[in-house]
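Enquirer: Letter by letter, the chains look like this.
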Amino acid sequence: MDLDPKIPEAPIESMWDTHKEHMRLVGPRNRPNYKVIVVGTGLAGASAASSMAAMGYQVDAFCFQDSPRRAHSIAAQGGINASKDYRNDGDSTYRLFYDTQKGGDYRSREANVWRLAQLSTDIIDQAVAQGVPFAREYGGMLANRSFGGVLVERTFYCRGETGQQLLLGACSALANQIHAGGVTLHARKELLDVVVIDDRARGIVTRDLVTGAIESHAADAVVLATGGYSNVYYLSTNAKGCNVTATWRAHKRGAGFANPCYNQIHPTCIPVAGEHQAKLTLMSESLRNDGRIWVPRKPADQRNPADIPEADRYYYLEERYPRFGNLVPRDVASRNAKEVCDEKLGVGPSGLGVYLDFRDAIQDKGKTVIGGRYENLFTMYEKITGDNPWQSPMRIFPAPHYTMGGLWVDYNLMSNLSGLFAIGEANFSDHGANRLGASSMMQCLADGYFIIPLTIGDYLSRYPYGDVDTSHPAFADAEREVKGRMDHLMSIQGSETVESLHRELGRVMWDKCGIARNADGLQEALKKIPEIRDRFWNDLRITGSGQKLNQTLEHAGRLADFLEFSELMCRDALARDESCGCHFRDEHQTEEGEALRDDDNFSHVSVWEHQGTDKEPIMHKEPLSFEALPLAQRNYKT
Amino acid sequence: MNFTLKVWRQDDAKDGGHLEKYQIEDIEPTCSFLEMMDILNEQLTEQNHEPVAFDSDCREGICGMCSMVINGQPHGPNDGTTTCQLYMRHFNDGDQITIEPWRSVAFPVVRDLVVDRSAFDRITQAGGYINVHSGPKPDPNSVPIEPDIAEEALDAACCIGCGACVAACPNGAAMLYTSAKVAHLGLLPQGQPERFERVQNMVHQMEDEGFGSCRNYAECEAACPKEISIKFIGKMNRDYLRSTLLLPVDRRGRMDSQ
Ligand SMILES: Cc1cc2nc3c(=O)[nH]c(=O)nc-3n(C[C@H](O)[C@H](O)[C@H](O)COP(=O)(O)OP(=O)(O)OC[C@H]3O[C@@H](n4cnc5c(N)ncnc54)[C@H](O)[C@@H]3O)c2cc1C
Ligand code: FES
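Protein sequences appear in the order of chains X and E.
The first sequence begins at 1 in this note's numbering and counts up one residue at a time.
The second sequence begins at 1 in this note's numbering and counts up one residue at a time.
It is possible that some hints are incorrect.
As the list claims (entries may be wrong) - Okay, derived cross-link-like pairs now, DSSO-like style, lysine-lysine, Cα gap no bigger than 30 Å in a straight line: (1) K137(E) to K35(X); (2) K483(X) to K35(X); (3) K367(X) to K226(E); (4) K6(E) to K383(X); (5) K14(E) to K483(X); (6) K6(E) to K548(X); (7) K137(E) to K20(X); (8) K6(X) to K137(E); (9) K226(E) to K383(X); (10) K528(X) to K621(X).
Hints were generated in silico from the structure; no laboratory data involved.
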């Protein structure tokens, strides 16, 4: 497997500019001859498809929802970072690079992170030009807020719906290009295979979710912008449809999968209410500024929280981390919540929850101040739970939220398969072992608006256009395989439902490969997953037909891939015998319970090569170097 | 809690469709409406029947995918709430609940509760954008925008495109949806160059899609989960009128052919 990251020979500050100057170009008259497939219309996909079409390329855009605007990116809340330094607080490209690199616990590729920081400011300019109504100050200038893990104010926002507004901006550019004829939209179509001919990605096979038709699409290049895989846990903050299918199918066709075990668990989500729970909702992390986190000292204390006296309350973060208290980093907060619940101190019907209490803050600061800060969050909490946070403490619990792992890509965002690109959450490149808040949208849009439109030209210019079409036998083969898989799923006619099997997989992954992992647990998961997979393929029940809209069949296809992918996640977590960022191995921690890296042995990207479904995959390493920012123990305490 | 559900079942666009009755028992009050539908679907699968098809994705009120008419009301009884944000505790034990798809000629039923809303996308494609390519742009602070204007633009821009406005309108009009986009861009300085062309193109597309005309019933505003105001319809009408006076006929056509 060729894992040359193709980092340009130039000082990091001028690397991207130098690279742009030397990239090969496709001339404007020639661009309409090239066809590019973009799968996904989230922030990454919509920005990429619209930018490339505006340059003149023919673009085919795909999404499984009924409209591109409904991609999961729509749900992002808090904001997007850019090192504009509008606040005059010393922000710069270097500082954003530094924060991202440190936040990722030194497990990302410096060259990519630097470029991300550099492009961050252009994204804001682009979005404003499209009409994104960012918050403004009285004088009409753009407003900023601050976010976790940084000491400057660089986050731009539209109330609590920044993702929605940025996506609508990108989708309006997409709509413009659809109208102009540059983009052909394929909504309600799901990628089920990638077609690789002579080591080059030459197209995809999709299923029309309304008619069940299996169709081939050929192109000169394929871009995957299909998002993250947090739904391997069944319950996560992601939208229900988020899946690993596209990247997993590409992996099975030869693309390297990097760092699958890096996934972020967000500490402040609304806990599971019962067996019926279908997904989890994120509550803004800002609540930890004023809320105090506690559990009762006695296990199974059934008293109303208001009736529990001070002495019987365990403010575990304040006691364990006297200096940082409730504001410890995301991963530490999540791990501690799990620990107290493991000790049976958790609250709520399931025992999987901790209190986030505003009583003292309301007393000290007054209702007006607290209301001004959190009113909308309190209302949202009440809407979902029916409990009023003004009167009783909120209950919160960590939930899977974001996946840093993804397809391995080089500096040009191309995977090891020629012509197969991966952008946005679907690739692995910029967030290392932990992503900082407000930086995913930044990466998606940097990839889509500014990087891929140029690097794709560099690739395409090396090949004649349209030298393969869907009459090539590789397409017929892939279609046959996909049809065979669909027919097989429909023919099992067993007794277990997709939902119940997915929940079961989710529980295994949460217990063994969640907030904290250890070798024994991971080994156990590696035994359990194949068992669930066997039951899935032998005892699954799907009713209805594959030739019509069949949402159970869609879900089954996605679960089939999660059932293979989850094994790779556990293998990767097992192989990475260190702790770093969100990957916390119980065996490796500092005395204070922080992640303890092993830089001598693990300063690399783990890239997995598929060998066949029942064969062990091979792990390759891309070594990481630390020149712009030397390695240091991550420390948020001093 | 126990409920009697009457659910619209329709095999595909050609099928006539009918309401089917189901009993559902032991539902927790903490269950969301869509989780209750998930449980129903599990039951149906176990009984070897086909589950009810319905759209949903984010399940937190922002993607605009969920779309059910519940007891005659798009998104059910609560104000400012999408179907996915409804909880069973908002209903009474023993209630009979009727669940139907959005009804509008412009939104044909695909299957059961799933409808085709691509007409909305085509309205946006006709002009719901500012023509800019990706690349270097002036610094945004070079054009100050009053915070009130930015906020008002956001009040309109927060439309989730669910289509409840159309489903609620006795005439099946898409005025609230269209006007929200027209107002969002028309309020901002960046949106001025194409302002009048935009409103013409979007309104004409809206008419071509077969949506009804607005008779000021204001049902759209009442049903909108984002509580978007009908004042934007007034704004759009004014812009449309001005545009008919201002615009030379077929300006876009001539520009495109240059
Ligand atoms: C609740 C929440 C809040 C967040 N808040 C923030 C924030 O404040 N700031 C921030 O920076 N980040 C935030 N994030 C993270 C951020 O939203 C996501 O990481 C980002 O939007 C991912 O965008 P994407 O374009 O890579 O993929 P997505 O938006 O997930 O889009 C994936 C696209 O791929 C398509 N697709 C997927 N699989 C297939 C297939 N097999 N076939 C066809 N199409 C397919 C889908 O239809 C969709 O169009 C938040 C995330 C969550 C869950
Ligand atoms: S499912 Fe997204 S708004 Fe209801």
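Enquirer: Run every hint past the structure and note whether it holds.
Expert: Hints, one by one, checked against the model:
| no. | hint | verdict |
| --- | --- | --- |
| 1 | K137(E) to K35(X) | holds (27 Å) |
| 2 | K483(X) to K35(X) | holds (25 Å) |
| 3 | K367(X) to K226(E) | holds (26 Å) |
| 4 | K6(E) to K383(X) | holds (26 Å) |
| 5 | K14(E) to K483(X) | holds (25 Å) |
| 6 | K6(E) to K548(X) | holds (23 Å) |
| 7 | K137(E) to K20(X) | holds (18 Å) |
| 8 | K6(X) to K137(E) | holds (29 Å) |
| 9 | K226(E) to K383(X) | holds (14 Å) |
| 10 | K528(X) to K621(X) | holds (27 Å) |
Taken one by one, the earlier hints all hold for this structure without exception.
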